[in-house]
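Taken in sequence, the protein lines are chains A and B.
Residue 1 is where the first sequence starts when you use the UniProt record's numbering, and the numbers rise one by one after that.
Residue 1 is where the second sequence starts when you use the UniProt record's numbering, and the numbers rise one by one after that.
Heads up, some of the hints might be wrong.
Unchecked claim - In silico DSS-like links for lysine-lysine, alpha-carbon gap of 30 angstroms or less:
#  : chain 1 : residue 1 : chain 2 : residue 2
1  : A       : Lys-29    : B       : Lys-951
2  : B       : Lys-318   : A       : Lys-161
3  : B       : Lys-662   : B       : Lys-318
4  : B       : Lys-326   : A       : Lys-142
5  : B       : Lys-672   : B       : Lys-185
6  : A       : Lys-36    : B       : Lys-662
7  : A       : Lys-29    : B       : Lys-523
8  : A       : Lys-29    : B       : Lys-940
9  : A       : Lys-28    : B       : Lys-662
10 : A       : Lys-239   : B       : Lys-318
11 : A       : Lys-29    : B       : Lys-115
12 : B       : Lys-185   : A       : Lys-36
Stated by the list, open to error - If you only want the chain B side, here are some residues facing chain A, beta carbon under 7 angstroms, derived:
#  : residue
13 : Gly-384
14 : Arg-386
15 : Pro-1069
If you are wondering where the hints come from, they were derived from the structure by calculation, not from laboratory data.
Glycine included, every Cβ here is placed at the ideal spot set by N, Cα and C.
Read off the chains here:
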Amino acid sequence: MMASSYSAKDEDGHITVSGPGGGTLRNKKPENTAFKQQRLPAWQPILTAGTVLPAFFIIGLIFIPIGIGLYVTSNNIKEFEIDYTGDDTSSPCYNCAQNFSWNNTKSCTCIIPFQLDQPYESNVFMYYGLSNFYQNHRRYVKSRDDSQLNGNIDSLKKPSKECEPYASVDNKPIAPCGAIANSMFNDTLKLFYNDPNGTSVPILLTSTGIAWWTDKHVKFRNPGGNNANLTAVFQGTVKPVNWHRPVYELDTDPENNGFINEDFIVWMRTAALPTFRKLYRIIQKNNNMAPTLPRGNYTLVVDYNYPVRSFEGRKRMILSTISWMGGKNPFLGIAYITVGSVCFFLGVVLLVIHHKYGNRNNSANISN
Amino acid sequence: MTCCILTTCVGEENWVDSRTIYIGHKEPPPGTEAFIQQRFPDNRIVSSKYTFWNFIPKNMFEQFRRVANFYFLIIFLVQLIIDTPTSPVTSGLPLFFVITVTAIKQGYEDWLRHKADNAVNQCPVHVVHHGKVVRKQSRKLRVGDVVLVKEDEAFPCDLILLSSSRDDGTCFVTTASLDGESSHKTYYAVQETKAYNAEKEVDTIHATIECEQPQPDLYKFVGRINIYMTNEPVARPLGSENLLLRGATLKNTEYIYAVAIYTGMETKMALNYQSKSQKRSAVEKSMNAYLVVYLCILISKALINTALKYVWQSDPNKDEPFYNQKTEAERQRHLIRAFTDFLAFMVLFNYIIPVSMYVTVEMQKFLGSYFIMWDDEMFDEELGERAVVNTSDLNEELGQVEYVFTDKTGTLTENNMEFIECCVDGHVYVPHAICNGQVMPGAAGMDMIDSSPGPAAREHEELFFRALCLCHTVQVKEEDTVDGIKHGIHQGKSTSFYISSSPDEVALVEGMKRLGFTYLRLKDGRMEILNREDEVEKFDLLEVLTFDSVRRRMSVIVRASTGEVYLFCKGADSSIFPRVISGKVDQVRARVEQNAVEGLRTLCVAYRSLNPEQYEEVFQQLNRAKLALQDRDKQLAEAYDLIEKDLILLGATAVEDRLQEKAADTIESLHKAGIKVWVLTGDKMETAAATCYASKLFHRNTQILELTTKRTEEQSLHDVLFELSRTVLRQHGGMTRDTFSELSGDCTDYGLIIDGATLSAVMRPGQEGSNSGNYKEKFLEICRNCSAVLCCRMAPLQKAQIVKLIKASEEHPITLAIGDGANDVSMILEAHVGIGIMGKEGRQAVRNSDYAIPKFKHLKKMLLVHGHYYYIRISELVQYFFYKNVCFIFPQFLYQFFCGFSQQPLYDTAYLTLYNISFTSLPILLYSLMEQHINMDILKKDPCLYRDIAKNSLLRWPTFIYWTILGVYDAIVMFFGAYFLFDNTTFTSNGQMFGNWTFGTLVFTVLVFTVTFKLALDTHYWTWINHFIIWGSLIFFVVFSLLWGGIIWPFLNYQRMYYVFMQMLSSGPAWLSIILLITASLLPDVVKKVIWRTLWPTTTERIQTDDHTSCKYFASCQSRTCR
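Same shape as in the complex, but just chain B (with noise of 0.2 angstroms):
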């Protein structure tokens, strides 16, 4: 036919980015092209990143890439080099710990993905060889071969078909482990090759393979076929519906033959294995800001002593006294020396810079993101999914989230579509009533609003009906088990399940089949209707334009047996309209806007008739869109857009999506908890509007504000912009714009509803000059003071730009989003926080979110709940860390100045190592994991405590300053106290005299329990796990201090702590000192908490007092607004 002109033309294309496969390895016909083997990679699957040989340098590597870890590897050798007052093994052995920990996590991740590799590379494949079907490894496969997968066995790699069992050379396949739709889909062989369905046959098919190379999107492709058949060549384009994908599972086929083009790492699915780009936390910026900030005092304590030092050793007599004297080598450097003191005193002080910090952050980010999925109130049991936790470095950022993007359909609402009405020309037809979950059987199940039409009319209505019922890409899937046995009986007739990968349209042929058209089939290329007399009709299926969110229309082209050609067309009323030429458009509008404001889901629906001329025209615009292979897309737009055009109106239909379970309450209580919600979605504005309303994002009282194309056509994008902010203005700039205000419920709540053509004309950067940036600005601030924003028509990259703005505002805020669908994935991949639903519409967003919920009311748990404590929980833990360690270390720091700046330690070095290892790590890692400071119940009760948290408020500069202080004056307390207590005196029965590890000694005891009890004045839940760890820490500290100086070590070189810690206990006024070092420490800290608690409660700690005095807090909390 035509396509054998066609290779010619499409030919001549640009090649470069293309491969050519020979089918079965054999050479083309001479003459026809050049012969060139190309080289792909075999059929092996690498997700290891690491081999036997290179884990260590390579895992060292990427480990030491952490600036972190790269700082204690230059403080460890540089303890190595030079002489430094603490041993290598101080900072070595927590470096070793930690680096030898991360090296077995990741080399054991890495062996599993090993064994998972060498059992899918190994996994036999049948490939035909020499009209012969052989066993191959997997990974042996090579590009070319022909492969026979059986039914139910996984494709080995990505695959052309070339012929199945079945004669229409189709076979079903899930792609369920690819993207989670486990609908079955249908892909189709060339018809040339689709004959060639045994071995020996299939062996003698001479063709080759053009196409692109790999690229990563599961849903593109563009090939070209070229058939020898007696030496004349024929092409046929190949697209993403003859590709078989890797990870994809054959089913309901019983084999099938098809060639492997794409192996091993160059398979789609592998080229989707890469890693999405990280994200970062509010948190561990605020973590690094004060990494900086200790670094800088960690540099100007070590240049102040060296300076100090240098003061101090200008006498001789103190540098040199008789009783002290240097070495020769030690006198020499005296260059190099003043530098050496300097790294020797970063040594000293590099503590307060924790190694430990980063691995406790990290442990405590992996283990509490269990919580989210052990979490039972997350679970769901209709899905039987729970929650799902991609990545764990984000949760305490579901505590600071302020704006909330969410997606309408399969989000808000359950994406579970139920046909409620249709229209022709203006007559409404309702299905009957379900009653008892059955469809009552006949022609009764159908209502008639209106009168009863004219035959005219009659004729247009069952045209519309076979419309609905040819115009989808819905399957049927016979059940043949014993429950659909069950059901068969019930209704009569055997029973068929419709699978569609749309929800509407399921609901559409299922609506259809209640007003009497059921959809039966398709087969051999015919859709097959039972009509209301139970006749059955057959319509060739021509062509299939299918649905893409851009034209938001799809059709069909059919031919009915009775010869006529028809194009059935159904889409969004908007993209439907404008290329009506005749129909009841009027009528049908008017409904449809109705329908729309009742926020139903409406189609539209018309159709337009081809004689065989138009038909034979359509049919060349199509193909040789489809053969191209570069533009193809774009061309086949072209093409769809030529052909669905000058289209009678039918009518139009009415589905509805009800919202979800408990979706108002959550929007509801993300609104008290002072986030803002804003909805974004690509169906219409009247039903957006709609289900807005149902799901209280907009309340009765709410002003709404349009900023639509309709209102903008009327009057100039600026004047709209302007008059809107001056609304918006008048009422909250008089006013502070403090929290009392703008919460306050008495002044009016704004809404604004925007459309996607607005928005890009908004967003739209340069047209109008200096004007555009302002344009944005203007715009912000209308959002910033709506209390709800609703954004429809949006284009799923709209999405993402939305996003963006906000998060590029002045005030940064953090940005959630959620959603189901694929076109949700930008969004989600765009905002500080992603989270997936597990809807229906496959599984793409989850793949690509940081969390994955089951539904939309799970989300009110995760952000109030869990969001709130894991923020908590580590906004305390990096502040305890910082204040622990400068309580450890300015000690040292004060030290120096009794010591003659000779960067003698103060603590031993056991004591040095174990601090932060072992003595203070555990309990606030449990505290980090376990604290709940108010109950779970009044913080989902209560969404206001939210905004106590907003802003990152727990780890403000204050408030740092404040731990900080508190900080050095726990060390100050410690140190002088001590200093006194050792003023030239003994405080022993015996006389005896302590030296200088007594001394340390006795400052670390009071330091290790001062943090300690810090710690446990701030647990607000003290479960078995919590006093368990404390107490233990604490008498883990004391019997490894007896036993550290019980014996004398004989691998130790020096054996200085032998007996101090016992005979410091020995003596009473230790003990005295102890106690009262630690209460004075402790002092301060209590009395500001209870006085700023008095005096200025936040919500939190009110609510805390209400219900520790228990009285009736539920009560209470009726009246309790978010103020």
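Only chain A is shown next, with the shape it has when bound in the complex (with noise of 0.2 angstroms):
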């Protein structure tokens, strides 16, 4: 009723003003599409303890069985760790750690028995650990010049000012430039088995493969390729302040030396945290049945060179096997337990809730 008579009075016509004629009507019409009508069609998911419950209990049942399969096989890896700073009296390096001097050419050497209670297997990892030593630090960070450890002629002679103070002495560029270079870890382990029958056998250490592969072969290059001859091409730079040796005299190896040395590649990685260790040699298995490294006597005889008292750091030695998850770390078993066992926990929990009071709160709803 309503209707019809509106449409009569708007055909009448006479009140009408002026209005847009057909052509701007239809072309003011919105475009009647899903995306501007906001109707495009879509998955809706709510999460309620209906949908979330089954996600909590598969979740809970993948978690702890990862996590215990991780805690074993954290448990099942061997760790031995020795600590040689020298600050105890009792320590055989008590005697180096006192007496260091930058001054000392000749290292000092300390010879320090351990006993392993079990056989290593396969490869075993021995690494050399600091404490309370800020690799992390900003200003030492930064303390470097990645170009001229990436073969860079003019960045030799001329090493970035992120360096400073450690950029040249006497106008002379130091090669490899920056706190971290100079700071570079040059105690010598040796490791030596006792064999039961009295006889010292040294334990073959290799120094390569410690780094990683990019590192070596892509990052880090000596200038003028890797074939040249370093003394040549590190003419008129001098080694770092507190080292012993050039640069160019860090391995015998034409393939580990220079910038592409190993041990040097190892150190230029800053640690993330002010303890870390460090990978120093590795300790291949033999082809034998035999373990590596026999349960037993062994010597460790460290050329004590780095000294870590001036700030309260400590150093040590570790050996450890290595599992596909890596070193020693229950962390991840434990954690993934605990999550795991909460998960669960939250789902029983959450079932108890939904059986409770969901149902209630759907019946209330359709008895409202």
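Now that you have both chains on their own, put them together as the hints suggest.
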């Protein structure tokens, strides 16, 4: 009734003030597309107890076994650690630590005997560890010149300003420049197995394969190519002040000398935390069935060059086997077990809540 | 005549604010006035902001005036000047990006404006120069030039009409582009100049114009023209009826000559360009509050770290161990060192206040507003109009509205008037019902309810009909199109359209036509009427006393062919009755009141016959007032007041204004949504109340409280107020005032009616001493407890006052004003959100509004759907932005404790820079454009949902703190998760070690995935675009990381990220820990959500659940009430 009289009025037309024509009318009409009308087909999930419950149980059921697996794996890893800082008077390195002086050209050697209670199988990895050493200090982290280390001749002659105050000595550029390179760890660690029959057998320590492959082959390069005569290339540069030898005498193997020396590369990858360890050597597994390091007595011979007492640091030597998940670290396993159990527990709690309250809500809704 | 004498008397007025224009640049004859050529700007319109040269500095200045940009600029400069942990690129690049994008956008807009300006400024105009018509570029037009304008041309500047091709010196103009009124308005030339209508003749006009300096009011103009005819000056008044505005177009007139008086930027159109004051939304205010909190957090973080750094450094072995010596320079700057350290920490943590948030919010608002414009349901077929967004800053405010102030006429009602009946001396006349859209022809088209009146009454009756035919400003438009001919054949006579700015008048004249009196036209100052006997009667139109909303009446003075002079007056009953001295007042009043109750608009008609002396006096009074240059309006009003008196009442008319389609439904929905609706109208109380009942603002069981002049006459205002508040509080006071009791249906609803006079008494400050403030509070208290309020007899300014009063009340509610007419502009500007209806009363409301919609019913979708969505979206956007930056920066803060407070950044520069720009920006932007937590249809069906978001509920402090704590928790999980994984061991299968950058990358990877998944969990509306953007941005992160670490970048001086990401991914435990940490980070939020939803669901969540479990929501919806 209302509508009909309305349209009748419209047709009457006398009152209508000249309106826009049909053309503009069509132009102004919005396009009726799903996007513009906000009516795109959509999946509309919501998190309810019902949908989340299975997910929680599934997460719990997956995480707990993973956690247990990780934990067992971690526990199976054998690790041996020995602190040779020499703080203690009883320590074999006490003398070396006390008598340290930067001017000593001859290194002080200390001998530390130790015993492995279990045989170490497969490859054994030898680490050195430092504590209270802030390799992640900002001034330290940035004190390097990556283009110099990449073999750039210009940077070799004129190190970046970031390297200050380790950029040059007497106007001669330092190679490699910067605080990181300057403070490179220079203790030499040697390992001897004391055979039960009394002989001391040196253990073969492999010093390659300890740095990232990409670092060794791409990121770090000797100036003038890796086959050049390093002594000539580094002509005109000086060694870092704390170093005993110039960079081109780090190793006798030309594949492991200069900037591509792996010990150097390892050191140059600054650690994330003030207590860290770095891979020092790898003890390759024997071809026969015997363990790599049988249980027994060993001797660690240290050329004690690296001072840590001034900043209350500590030095350690670590022997560790490795699994697919790396070294000994129970954290991941425990965390997985914890999160898995929490999920499982929450699943149970939610189940209770869902059954007790969820239905009540629905029914209340409907009766309302 | 008399005008010549007037020159002197008006000339004594103060001339400070006026200008003199010499028509055709001719000096006035010596002795009259000194010839002072004033300097006026040329006719160049400059709407552009910048020139080519000042663009960069000016734009930069404008942009850096914004606090956020300035903050980032400072951070950037600090990074440039002092040695800071992150490179200036990290903050410079985003800032540069933001500034450039904004500059390009503004530059482009300005270029468009330049182009438009040039087009306008260079379009040719015809100027009369030495008796010849010359073409000139528009910009070269000068004040005083005589311009020739042809039909359908737009006026190049503000002009005074001198003469036209029509003999009567009139021309027709449409101001559609100025104020949207498409009706043709008539403009007049001054009597003395109208004869000069050829180029040669025009050049001989010797005259000066004195007028006020330009002012923006389109409808006001006062001036005077002095014409030197044979050296005897003649002065004539000039008013807005002589002034042709730039932007208007000449219609139905072959050509005109006119003189330029305001040019260029001084035209009224240009003066109206000025932008409105900016409105800020509540969300923006919360956002700024959060920013302050975060700034405090930032500063305290930096302070804590600086302090701890100095504690830590007090040991020289830690400060400067042998492996990490300082440079000489670093050692020396000890004094300012602490300060630069503080700044460096600030820089390190500055990302907690994200530069990109502002850009994202702005983009969200800008792009989001398109959805309003695109909305098909807000398109009106009849008008051919769609919703218009004038500002996108207030989108989310639409979801927060608590009070709606609506105009009645044209907003709630159609403003499509239909003549219903008239009443002459108590006899009621009803025109024949409309039949098939055609009026039944002939005299039988009239029904008389009462018995036939006597011959004396018949004379009165005819006078009444003539009065209505004469007393109006309706124009007749002859239609000669094919369409018109068709119509004409139907009706047997030539078709004509009535055009008027007031639909009431058209309805009345139409109604009269049906009753036998047809208004034909106005020709040569004579109005022609076709009476019942098909004879043409002619009346000289002597004066028009135009309508204004203060007087609420209008009059015409006409001279009949018999020589009698009549004044016909029509207006609101309240403005007519006091001036009536005779007539059947009581009968008419009774009928008027009855009609008003039925919701009809009533007008009373009265007349007064004037004898020649009286007329002469009236003429003098009017002319004096018209010639005044200052306070002309006031003087005119006084003159009108003197003239419109001693009236004889003829009768009354009733016009129906139909309710707009679905107006009642809309108001009901708004009520259910917890919005209080107030109707503010200039109409009389009974009419307005009837409309309110019809539109369901008042229900049958609503108890009406009246606060009107009628009551306050009986009791004092004080007593009435206190009595009302007692009544109201008796109901509500006993109960706890929580939502439940307030909303329950069984307690009585109150509706308040207040009229303008009482309102001004309530608002009057200080008159009753200390009590007056009390009145306001009492009034507010009453209003708060009423579900609906009707304010009638409101002046436009009072409307704004009411809005202001509510805005300033202690709860500071969000107000929305909606209206269609010029009288609503003040409240539209005053309210938080102003909405214009594209009605019949011109475009002023639309131009001044923030949003414009074609019909009132569209308000429902605007608020309940769009407002709701925008609010949900932007609140999530704001909270999420802070959350993701807490997650981002807090690990850096924690890392400081493990790196000797050395400001070492945890993440690589690229990650710091791109985190907010590209890795996490698009998903949230898309979310904030697309999210629909509930279906649109449900939002519309169930207005109660609107209550869920009322009072800024999603941006309250508890929510904000929850998000922040969640962010801190996630940050701790991520950081320490990585910490324990890295703790003194390796997690590769080849025994090699990872460094600090791998540590940061691990945390960052977990971070990016966590915050993206968090958003994914919050997304309720997954379209293919969401899938694409969310998974796409994660893939982008991985691809970018692979690329970034995959090459030795030649232009970088460090290669610290080389192969870091790949090496990390090559390790199994890294994968496992990423999965673990993401799970652990998301777990609490999911649990919280699920538990809350189950135990304490909000209405929204309940409906989501219902909808999801698809247990026939619509069935259960029927029974749902708003509780």
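Against the structure, the hints:
Proposed proximity of A:Lys-29 and B:Lys-951 is contradicted: the alpha carbons are some 35 angstroms apart, above 30 angstroms. Only pairs whose Cα atoms come within 30 angstroms are accepted, and B:Lys-318 paired with A:Lys-161 is accepted, the gap being roughly 23 angstroms. Between B:Lys-662 and B:Lys-318 the alpha-carbon distance is near 77 angstroms, which puts this suggested pair outside the 30 angstroms criterion. Straight-line distance between C-alpha atoms of B:Lys-326 and A:Lys-142 comes to about 13 angstroms, which keeps the hinted pair within the 30 angstroms bound.
Note on B:Lys-672 and B:Lys-185: the hinted pairing is violated, with a Cα-Cα distance of about 44 angstroms set against a maximum of 30 angstroms. For the suggested pair A:Lys-36 and B:Lys-662, the alpha carbons sit about 24 angstroms apart, so the restraint of at most 30 angstroms is met. For the suggested pair A:Lys-29 and B:Lys-523, the alpha carbons sit about 41 angstroms apart, so the restraint of at most 30 angstroms is broken. The hinted pair formed by A:Lys-29 and B:Lys-940 meets the criterion: a straight-line CA distance of about 22 angstroms does not exceed 30 angstroms.
At most 30 angstroms may separate the alpha-carbon atoms for a hinted pair to count; A:Lys-28 and B:Lys-662 meet this at roughly 23 angstroms. Taken as a hint, the A:Lys-239 and B:Lys-318 pair is honoured in the structure, with Cα atoms around 25 angstroms apart against an allowance of 30 angstroms. Simply put, A:Lys-29 and B:Lys-115 have alpha-carbon atoms about 28 angstroms apart, close enough for the 30 angstroms limit, and the pair holds. Annotation: proposed proximity of B:Lys-185 to A:Lys-36 is violated, straight-line Cα distance about 40 angstroms (limit 30 angstroms).
About 4 angstroms separates the beta-carbon of B:Gly-384 from the nearest beta-carbon of chain A, less than 7 angstroms, and the hint is met. Interface restraint check: B:Arg-386 against chain A, minimum CB-CB distance 5 angstroms, threshold 7 angstroms, status holds. At a threshold of 7 angstroms, the smallest CB-CB gap from B:Pro-1069 to chain A is about 5 angstroms, leaving the interface hint in force.
The structure fails hints 1, 3, 5, 7, 12 (numbered hints given earlier, in ascending order).
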